[in-house]
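Using the sequences and the accompanying hints, generate a full structural model.
Protein sequence lines correspond, in order, to chains F and A.
In terms of our numbering, the first sequence opens at residue 1 and continues consecutively.
In terms of our numbering, the second sequence opens at residue 1 and continues consecutively.
Careful, some of the hints might be misleading.
Note that the list lumps identical chains together, so a pair holds whenever it fits in one copy or between two copies.
[As the list claims (entries may be wrong)] Pairs of lysine to aspartate or glutamate, DMTMM-like flavour, derived with a Cα cap of 25 Å: (1) K53 x D14; (2) K44 x D112; (3) K144 x E234; (4) K80 x E42; (5) K144 x D14; (6) K168 x E179; (7) K53 x E179; (8) K44 x D220; (9) K70 x E57.
Keep in mind that the hints were calculated from the coordinates and are not lab data.
Number of protein chains: 2
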Amino acid sequence: MCQLLGMNCNTPTDIIFSFEGFHRRGGLTDHHADGWGIAFFEGKGCRLFLDDKPSIESPVAALVRQYPIKSENVIAHIRKATQGVVNLANTHPFMREMWGQYWIFAHNGNLDNFAPPPGSHYNPVGGTDSERAFCYILEALRQKWSQPPSVEELFSEVSKLAEELHAKGVFNFMLSNGELLFAHCSTKLHYIVRQAPFPTAHLVDDDVTVDFSTVTTPRDRVAVIATVPLTDNEHWTALAPGQLTLFRDGAPLLTATAPPAATR
Amino acid sequence: MCQLLGMNCNTPTDIIFSFEGFHRRGGLTDHHADGWGIAFFEGKGCRLFLDDKPSIESPVAALVRQYPIKSENVIAHIRKATQGVVNLANTHPFMREMWGQYWIFAHNGNLDNFAPPPGSHYNPVGGTDSERAFCYILEALRQKWSQPPSVEELFSEVSKLAEELHAKGVFNFMLSNGELLFAHCSTKLHYIVRQAPFPTAHLVDDDVTVDFSTVTTPRDRVAVIATVPLTDNEHWTALAPGQLTLFRDGAPLLTATAPPAATR
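Right, dumping it as structure tokens:
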């Protein structure tokens with residue numbers, strides 16, 4: 001399956017350290033070599049870099065590693081294709097506009113036989129279950145609200161939709177509108193919140209260490225979410241299967257956990 | 001005002017030569033230094049590179065200059081801000097999904113007092129007249145058809161919408177879904193079709209020459225559309241004010257020209 005990486009911060013932060021380890025999983029330290037992508041929100045705007053080459057040999061990944069784009073919300077994905085051929089239209093993350101906001105989505109997992117009817121507002125371009133799920137979620141939210149609801153109402157509805165899709169297969173995902181970042185665990189997802197006093201962190205995938213205290217201010221707070229922990233000397237928190245956590249300003253804000261399927 | 005560049009081909013082609021001259025207009029040979037962007041369709045997928053730095057000093061432009069992305073449809077834009085601050089959300093081209101296809105739009109001009117009501121399907125994220133116009137066009141097309149119409153029906157409707165917006169100000173634009181490329185001239189737009197026997201071309205903005213016969217096959221056909229001709233030893237065709245031309249497979253397919261405003 002694929003690898004997910006997300007970052008949610010209270011101040012624009014670059015993701016170079018985390019991406020340094022993460023991109024190695026696309027063909028070097030792991031076998032997720034069917035393309036990759038990364039989305040950076042900057043204010044209301046969003047940059048989406050996609051490449052159907054493995055991230056370890058992608059010129060676009062080389063750019064991202066060298067260009068310190070500062071962002072409050074980032075979602076990255078390295079693909080191991082389960083449904084849909086390897087091409088650009090099937091490369092995550094996916095982007096759509098809803099309520100005058102860009103929304104970004106990436107999925108790690110597999111939904112069997114998930115073929116929702118065509119949406120009135122959102123339809124997939126490629127052939128993945130992931131993009132179908134993204135369009136299904138946005139369609140449901142947009143049908144319910146023509147303007148953005150409160151964060152609590154939105155969380156409640158995304159939670160219901162996540163539970164519904166989690167019941168159809170494996171559905172780890174991240175979803176962001178540039179302010180909020182939803183992270184849903186179906187099988188495997190971890191996060192860490194870094195804040196003062198900042199640690200020195202060491203990558204799992206490469207022998208690289210960074211002392212965050214030298215590149216931060218005392219008020220900075222950064223949540224990093226990843227399929228598998230990226231560092232080997234920090235404590236990462238595992239999300240439980242069925243858990244949806246909403247991050248804002250670099251910290252968890254709301255959490256809900258669906259009951260295991262057997263008890264439903 | 002801004003600079004537009006488009007390419008429509010019958011076979012995936014890289015735009016490195018044209019982009020070499022074009023990107024210099026973003027801060028070096030011209031003063032369009034308020035960000036830039038380029039969209040490459042690859043099949044149904046689309047890569048959209050945006051940067052709010054001037055293209056002449058942009059690391060993303062350096063990538064695009066070095067990475068020969070082969071595409072059948074490209075739209076690029078260098079911005080000189082007229083409405084909307086300089087930030088990523090206001091950087092062209094803009095992207096939306098309609099009918100399960102990505103649509104890309106870039107605009108050179110200025111529409112005064114253009115404030116359409118919120119769309120049911122499409123709404124702007126940033127603060128430009130350009131993105132409002134894009135959403136207005138897509139909203140009208142999507143309200144009229146829930147599935148893609150014929151090329152002739154689509155052309156006729158885009159032509160009406162272009163004429164309507166052209167009457168509100170300056171409205172040079174390009175619009176593509178990865179197969180079709182619409183180019184509308186309000187004040188200034190030129191194109192050239194390159195096909196066998198291929199010429200040797202020399203850039204206006206830099207002392208660079210390329211012999212296309214060495215990098216093409218006899219059946220290749222490429223239309224390049226630009227605000228101002230990019231080469232100084234080829235014959236570029238000027239579009240007339242009010243002219244909309246639809247390109248497909250590297251050649252003009254349909255053309256319509258609105259009557260001058262005074263005769264309407």
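Structure-based check of all given hints:
| no. | hint | result |
| --- | --- | --- |
| 1 | K53 x D14 | both (23 Å within a copy, 17 Å between copies) |
| 2 | K44 x D112 | between (34 Å within a copy, 23 Å between copies) |
| 3 | K144 x E234 | neither (41 Å within a copy, 55 Å between copies) |
| 4 | K80 x E42 | between (28 Å within a copy, 20 Å between copies) |
| 5 | K144 x D14 | neither (35 Å within a copy, 43 Å between copies) |
| 6 | K168 x E179 | neither (28 Å within a copy, 35 Å between copies) |
| 7 | K53 x E179 | between (29 Å within a copy, 23 Å between copies) |
| 8 | K44 x D220 | within (20 Å within a copy, 40 Å between copies) |
| 9 | K70 x E57 | both (23 Å within a copy, 17 Å between copies) |
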